[in-house]
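Colleague: Line by line, the protein sequences give chains A, B and C. Going letter by letter, the first sequence gives residues 30 to 189 in my numbering. Going letter by letter, the second sequence gives residues 7 to 108 in my numbering. Going letter by letter, the third sequence gives residues 672 to 1287 in my numbering.
Quick caveat, the hints were computed from the structure, so don't treat them as lab data. Do not take every clue at face value.
With a Cα cut of at most 20 Å, we get these calculated EDC-like pairs of lysine to aspartate or glutamate [what the hints assert, rightly or not]:
1) C/Lys1036 with C/Asp975
2) C/Lys699 with C/Asp781
3) C/Lys1036 with C/Glu1195
4) A/Lys120 with B/Asp99
5) A/Lys188 with B/Glu80
6) C/Lys832 with C/Asp782
Everything numeric in this text was worked out from a predicted model, so none of it was measured.
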Amino acid sequence: MILLFYIAGAVAVISTVAVILQTNIVHALIYLILSLLAVAVCFYVLGAPFAAVLEAIVYAGAIMVLFLFVIMMLNMGQHSIDQERSWMGPKVWIVPSILASVLLAQLLTVITQYDHELALTTVDVMEVSALLFGPYVLAVELASLLLLAGLVAAYHLAKK
Amino acid sequence: MESIPIEHGLILAGILFALGLVGVLTRRNIVFVLMSLEIMINASGLAFIVAASRWEHADGQIMFLMILTLAAAEVAVGLGLIIQMYRRYHTVDINVLSQMKG
Amino acid sequence: MQDLIWLLPTYPLLGFLSLVLTSGNLPKKVVGAIGAGSIGLSFLTAAVIAYQFLGSGETHLVVEMWTWMAVGNFTPGFSFYLDGLAVVMMLIITGVGFLIHLYSAGFMLDDPSYSRFFAYMNLFVASMLVLVLADNLLLLYLGWEGVGLCSYLLIGFWYEKPENGYAARKAFITTRVGDTSMAIGLFLLFAELGTLNIQEMLHAAETQWAVGSGLAVAASLLLLGGAVGKSAQLPLQTWLPDAMAGPTPISALIHAATMVTAGVYLVARTHVLFELAPNVQLLLAWIGLITLLMAGFTAMTQHDIKRILAYSTISQIGYMFLGLGVGAWSASVFHLMTHAFFKALLFLAAGTVIHSLHHEHSIFKMGGKRKQLPIAFASFMIGSLALAAFPFTSGYFSKDEILIAALEMEGPGMILWLGGVLGAFLTGIYSFRLVFVVFFGESKGHHEEKEVAGLSMATPLIILMVFALFGGWIQIPVDAVFSHGEVHEEHHISNLMHAIMIVVPLLGIGVSYLFFMSKTFSVEKLMANPLATRLHGFWFSGWGMDALYSFLFVRPFVFLAQVNKNDLIDAVYALLVEITRVAHVMIARTQTGQLRWYALSIGGGVVLLITLGVVL
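Chain A on its own, in the form it takes in the complex:
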């Protein structure tokens, strides 16, 4: 199980790196789906099977399909790959990499101050659902409102 976590983590990191380096947008999307699925595996190992399922269905499934549709609508062919390549000179990477590594270093410094072993006990769907429709029912309502607003906004924006 533990090994599974580290393998999935490595896959997630590698595929994410591939996403940000990839010039072909469809390939990048596939890598992103891979990354998300790897994270879903991590969720499962960490004792959150419900979250893992949702990650696979909603993120890697629904959201990525949305991306795919849009990419199809934009009709990006070979010329877009060349364009991506021309935009990705080495100079572009310097500042973002430095900034991101500083941020990561800071995060690592803070994170390593904690020392706690994760128990990896499973918190199953029942518990999550009981909580979701118990104390957090208002949050569910708000989430539904958010989705409704997103729906209306997306419809309005994408309209001709």
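Guided by the hints, dock chains B and C onto chain A, whose structure is given.
Modeller: Structure of chains B and C alone, referenced to chain A:
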């Protein structure tokens, strides 16, 4: 029982977040930018799941569900904007959208 | 009687409102009837109230009408306080005021702003009545400021001429100096004694403050400042001569009979405070003395008939202040009353003269007018006799009382008395100089003019003549008001002193006769002396006070205003604006419109914040 140190989970989340940030900062194609944003959001979701595992409680998962909802709504709106942008400017280069400068 | 008191200021106020609201659309007869009639009704009411009050034998009466405002335990009422002093003042204001209104109804008939004139006059009388009847200092201050406002409006009545507007502003600003001092005085009294009700305040002051204590001195000095401003005494006297810019009845009403006496009234009303501060009271006497002498000298040199009367007013109020200063409260109020009679008479008669001679003001362009202007001549004769304190005229009795009180005073009493007597001598000279030059001698120009005096103008003059002559026999019922402070002892004045006080004014008249009537002495010869010329010039300019104030206050102020034309303080704010603008330009450069640049700055900001969080 076998176990994973909490920092490993959080480090993974941190790496993914930093990678997402690099993506946001480097890419000029707005679809890539949106994808990188998804990576960052997902990384923060991972951090919540790790926290839920740490406290052995479902609250972190609830928070992840909220983030998931947020990401879904955000992607819907963002993609709508991308389509609109492509329609008006026939490009996905965000550098083109620089009329709003001071 | 309680039911009637509120009517006193209400009649003139209603008159004011009806005249203002119709804004000059009423026929002149109606306007005159409303204007004079409202004051007439007020006078009748006042007479009834006075009769009942004096008959009732009570010393005072409080009529509370409503609470003006209530803030915490500060609840000044809209209430009137009636005692002997208020009765006297109320009768003077409504009585003399009514006669002046009656006169104005004829005098102002040709003026296009007839209605506006009466509106202001009515408001003025209403404010003055509120002032003298007020039960607390706040209400008194309301009337006080109302009077100030009306004087501004009336002095600048003919506002088309810029110099009239200037005179009005001068009066307003100068009295404002005094008013500010008085307002601070009210703050002090309220802060220290916790009440503005005059009687409670006086009682509290008496019990809480020792004689000569710092607070008493400060409070009375501040009130004195207000009184000095309103009553045109040194050092705030310069506005009154210029205030003659208004129509003559206004001069009679405001600058002789009522408004300038407000200061005297204020001091008399709060005399307890002044008794607690003997030094301030003495200062009062000295102010009065110096003012009366300065104004007396100046009056001798003026050409303008109204300015002579104006300076004589300052001089006579100087007498009242002198009387207040030596503790002769009732004598001062008595002089206030007789002065109201004869000065109103003089001003109204001067109005007739000016009116008849087509707005001629210079006395040296008149002459020999006694046949042409018989009523004015009789008025001037009687008025001047009273003014010069000719024996057994009204002015004689009142001035006599003040001078006797001065003489009886210990310490500087003798000097004050001598000064007062010298003032009386000057009064004799200048008042009869006016009479001799205008009405005797050879006629110079204006031969054809007939006296313009309808019934409404002649009647007030005749009534005032009677009072100017015999007003001295009236007993004013103020003993109860001043009873606790005043020393009632037999006058130990030698016959010599009495004789001096009778003879000196006559001497003044005699000197005036020799100069201006028989020409035994020649003014021209006197003026040939360079010293006399310079002295004349100095006195003519009112002791150079205007020039002095111009030098001390006006010019530095104008200079500072010019220096600060661009507003130094404002520059600070302008700098703020400039800094903001520059910063805006600089920060606006960072707004590139590049989305990635924004994301980069957000990321950088986060890194910076976390760094700070970790380091700190």
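Colleague: Honestly, which of those hints from before does the structure not fit?
Modeller: none
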